[in-house]
Amino acid sequence: QKEVEQNSGPLSVPEGAIASLNCTYSDRGSQSFFWYRQYSGKSPELIMFIYSNGDKEDGRFTAQLNKASQYVSLLIRDSQPSDSATYLCAVTEYGNKLVFGAGTILRVKS
Amino acid sequence: DTGVSQDPRHKITKRGQNVTFRCDPISEHNRLYWYRQTLGQGPEFLTYFQNEAQLEKSRLLSDRFSAERPKGSFSTLEIQRTEQGDSAMYLCASSLVTSEQYFGPGTRLTVT
Chain A
1 QKEVEQNSGP LSVPEGAIAS LNCTYSDRGS QSFFWYRQYS GKSPELIMFI
51 YSNGDKEDGR FTAQLNKASQ YVSLLIRDSQ PSDSATYLCA VTEYGNKLVF
101 GAGTILRVKS
Chain B
1 DTGVSQDPRH KITKRGQNVT FRCDPISEHN RLYWYRQTLG QGPEFLTYFQ
51 NEAQLEKSRL LSDRFSAERP KGSFSTLEIQ RTEQGDSAMY LCASSLVTSE
101 QYFGPGTRLT VT
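So the sequence lines, in the order shown, correspond to chains A and B.
When you line the first sequence up against my numbering, it's residues 1 to 110, in that order.
When you line the second sequence up against my numbering, it's residues 1 to 112, in that order.
Just so you know, the hints here were simulated from the structure itself, not pulled from any lab data.
From the three backbone atoms N, C-alpha and C, an ideal C-beta is built for every residue, glycine too.
Just the calculated beta-carbon pair ranges, DEER-fashion:
id, chain 1, residue 1, chain 2, residue 2, range
1, B, 62, A, 2, 12 to 22 Å
2, A, 81, B, 72, 36 to 46 Å
3, B, 9, A, 46, 16 to 26 Å
4, B, 10, A, 53, 40 to 50 Å
5, A, 26, B, 71, 34 to 44 Å
6, B, 66, A, 55, 33 to 43 Å
7, B, 41, A, 110, 20 to 30 Å
8, B, 2, A, 2, 25 to 35 Å
9, A, 9, B, 76, 31 to 41 Å
10, B, 18, A, 52, 40 to 50 Å
11, B, 7, A, 28, 35 to 45 Å
12, A, 27, B, 96, 15 to 25 Å
13, A, 45, B, 59, 23 to 33 Å
Sequences and hints are given; from them, build the entire structure.
Here's what the structure looks like:
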């Protein structure tokens, strides 16, 4: 059974700080890694994705992969109250179905 | 790019009734996925299509569930003889082959 584990939180950070979100995955064959943001009552919104060949930065977001430890992280710089949401980590092996973690609740306090 | 659309957005039904949901993917996407999400959990994979072919079904998809994508465009998900445990958000996503998936707004099903 492929699993993705996330700390449920909530993770509370002050406005302007760096938020660090993490997940671990069980399947060593995982090739692609995704971070989705989900606001309460809404559907998941893709914010970052990386493949097994390296890290990625996009604006205030950085996704990092540690394949040896089977660990993926998402850093959000200059956190804003609008970043308050649930962040879902997902992995896929062959680019088909996504296996999701249960999500981490992030609260950014102004 | 109009995004993935789903209809209806909300459905309330009585136990034992049949329901059908529709998903329209992003127009150039040839893959279409169905997921189910309950409160406090991440989405769980149900099934996916590449063009009109259904390539994989989850063990979660009991024989009361059926999905179709007859012309490789929109898809329908039908649940027969609904049970209270079917209450969830049903999410549709689409992608190009082996690329990132984009989700629609979801259909929230409540079975009373």
